[in-house]
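Novice: What follows is each chain in one-letter form.
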Amino acid sequence: MKTPDLMKNFGQVTAKKFGAFKNVILEKYGEQPGTMLVHTGVLGWILSSLAQVGAVVVNDKIPSEQKAFLIPQEIADAAINIVSFYVVTNSVKSLASKLVKSGKLTTPKIMEHLKKTGLKLPKKGENVSPVGKWDFDITKLANYDEISDHFKSFKNGVDVGASLLGSIASCNLITPVLRNEYASKQQKNAISRMHNKQLQNLEAPCGISMAEFQNRAYSKSFGLKI
Amino acid sequence: MVSTNLISQISFGNSFASKASSIGKRIYDAIPNFNPIANEKTIERIAKFGKKCSSAEQRLILGATAIVMQPAIDARNKSVDEKTRKVSVARTIAKVIAGTLTGFAIRKACIKAMDLKMFKPSNYTKVTKDAFDQYKNAMGTIVALVVMMFTNFLIDAPFTKFLTNLMIDEGSGGKKK
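Residue numbers (my numbering), protein chains in the order written: chain A, 2 to 227; chain B, 3 to 179.
Since the hints were made in silico from the structure, they are not lab data.
Built from N, CA and C at the ideal position, the CB exists for glycine as well.
Watch out, some of these pointers could steer you wrong.
As the list claims (entries may be wrong) - Residues on chain A that point at chain B, a partial pick, calculated with CB under 10 Å:
#1 38
#2 79
#3 80
#4 125
#5 132
#6 185
To be verified - Among the chain A residues that face chain B by a calculated CB cut under 10 Å, a handful are:
#7 13
#8 136
#9 140
Unchecked claim - Here are the in silico distance ranges between beta carbons for each label pair:
#10 A/131 to B/115: 43 to 51 Å
#11 B/124 to A/146: 21 to 29 Å
#12 B/163 to A/8: 50 to 58 Å
#13 A/8 to B/167: 18 to 26 Å
#14 A/9 to B/127: 24 to 32 Å
#15 A/67 to B/124: 48 to 56 Å
#16 B/156 to A/198: 33 to 41 Å
#17 B/24 to A/17: 24 to 32 Å
Just chain B, same shape as in the assembly (with noise of 0.2 Å):
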């Protein structure tokens, strides 16, 4: 009996399933095709991107995103208090500037690495060139998290704490004696 349901429930659940990816492919099937890239340059670009965008660069673009969304959101949160929305607001742009320098740095310092013999591949010899590249940035991207480990520590951490006073000390007209 209690195998029974349990078959009914998962036959009920495949069922539910396979409906909803036929609803799904039906919505995608009907959205028209986009019509061609017809700019050369633009498609150069497009591939262009896609190799030279490491990490790295995923980072800086990110920071520079933030710095001008994220301080915003706190700033219009209405949750909390005038106080503390100026701090969240000064520790928000703090992080976002001493993540993102040493973020971009760490992660570009590492991939650059990458060239030392002891981090390529034994087979890498047998790839082409861009695939040996997006190792790099990978593998590159993997050291520098382990090293990040460390540093968020030792540089992220005390940076942030410095701008963030460094920030409300100005907000409060100079700093305090």
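Looking at chain A on its own, in the form it has when it is part of the complex (with noise of 0.2 Å):
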């Protein structure tokens, strides 16, 4: 097969994919823009992850040995951002999403239409309505479609408000924290290690013990820098 043969086949075999995938994506997320906001917000963690990595490793400037440090360090703070977002927004906006479904949530609109259905409603000090509980989806009713219109855009915008919340909880608050925590425990770690490599070097001056230089030595220098 000649060259143009082979790219235009490429270009056929490129487009076609695309094209599928294009459907994919508006299958899969054209009624779940919650769902959406969490995946593409995990990825978006994935390739900014990458991308700092990245920058240490092709970094020229910094030393093989302090690389050795850095790329691990990198790697775990990803992972904590990465888990910790998906984690949090992602159970925040499930809960969201079955308290709507089980119709714990709800709107006027769609009591009036499970009234209309036939089913027991949810009074207080009574337990025999099944409206609200864990087993009851309002979307698995036999006519769903007639309230399905109100229901999914009522659903859709409590999912993209949770997912909004949960991100909050994970990115602002919850991150920061855990990394603060990591990235000091490390830096410890870190400065411990150099002082420790400084220390074998030394030699005790005359007319002084080796424990006593040590503990002068370690006063001295113990100011922190970056």
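Taking the hints as your guide, dock the two standalone chains into a single complex.
Specialist: Below, the structure is given as structure tokens:
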């Protein structure tokens, strides 16, 4: 096969795959904006973490000894970011979604529809209604289509709001606290390693013991430099 | 013998998971139902938020809350010395400003670009306008993430460095010569 034919073939295959990919995205996220925000958020964290790790790997100014420390640190930092984002955001979103689907969080229009379906509506002090229970799912009702437009737009709004709250809690609260905790431990370990290395190469000057000399050296150089 | 042990371990795991799930269900069922949201305007706002809030708006809201919360967390980090803490606060503010501005602008531009013919899926006419709008948000965000793999190096990193240095210089009483 000649080069132009190869290129043409490659172009056709790529266009076909891209076409299929677009349809998959349309089917998967067309009616689930909350899920889309969680998934693209995770993807964003993965790509930005790869960029951070890549920046350390390709930086010629960082000596290889420091790279051996910095690369695992960046990877651990990325793992905290990604796991915390996914676990927290997805949990909050899933809970909100469950509240709406099970009928715990509703609108008067949805309640009216449930009443029309013949279901017993929840009342204070009674525990006989299936509405709001774990196993109850509004989307599985036989006449769901009658309320689907109103229900979907309400549920999508709640999902997006919950995803946003979850991402604020994970990105701006949980991750910074965990990351600071981890980074300060790493910093202390790195400083103590540097000290040990320096002290191994020291010789005690005449007139004082090695232990005394180490004590003095330590007390003079304890200031943290950045 | 080994297989019997394995089976008993698996069945123990299954029964543990089923008990945990049944406890979870009971806790959930015990939570009282919320009163239905009566205000029609609130319901409309919730529905509109679901339709209009794309990843670009999410990034902007995240950035706005981050600028309030993250520097405060760094400033209270007693595990590091004073100087490290100041640099950490300056770097966090710089990262949030640079990341939010570029993140918002690139996501918004990429979502807008989804109106181009090359990005439209073949069966977009078969779905509702809302579903297609959500597709544009999702596809635009994916394209934006690819674009940001480059802009992270080309814009974010130097801009963050510039802002950090600016804040450190300001904090230490003007630029050092």
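Novice: Hints first: check each against the structure and report whether it holds.
Specialist: Cross-check of the supplied hints:
1. 38: holds, 6 Å
2. 79: violated, 13 Å
3. 80: Result: violated, 18 Å to nearest chain B Cβ.
4. 125: holds, 8 Å
5. 132: holds, 7 Å
6. 185: Hint on residue 185 of chain A: holds, closest Cβ of chain B at ~3 Å, below 10 Å.
7. 13: Cβ of residue 13 of chain A sits 15 Å from chain B, so the hint is violated.
8. 136: Where the cut-off is 10 Å and the nearest Cβ of chain B is about 7 Å from residue 136 of chain A, the hint holds.
9. 140: This interface hint is violated because 16 Å lies over the 10 Å limit.
10. A/131 to B/115: 43 to 51 Å: At 47 Å between Cβs, range holds.
11. B/124 to A/146: 21 to 29 Å: holds, 26 Å
12. B/163 to A/8: 50 to 58 Å: violated, 41 Å
13. A/8 to B/167: 18 to 26 Å: violated, 47 Å
14. A/9 to B/127: 24 to 32 Å: holds, 28 Å
15. A/67 to B/124: 48 to 56 Å: holds, 51 Å
16. B/156 to A/198: 33 to 41 Å: holds, 37 Å
17. B/24 to A/17: 24 to 32 Å: violated, 48 Å
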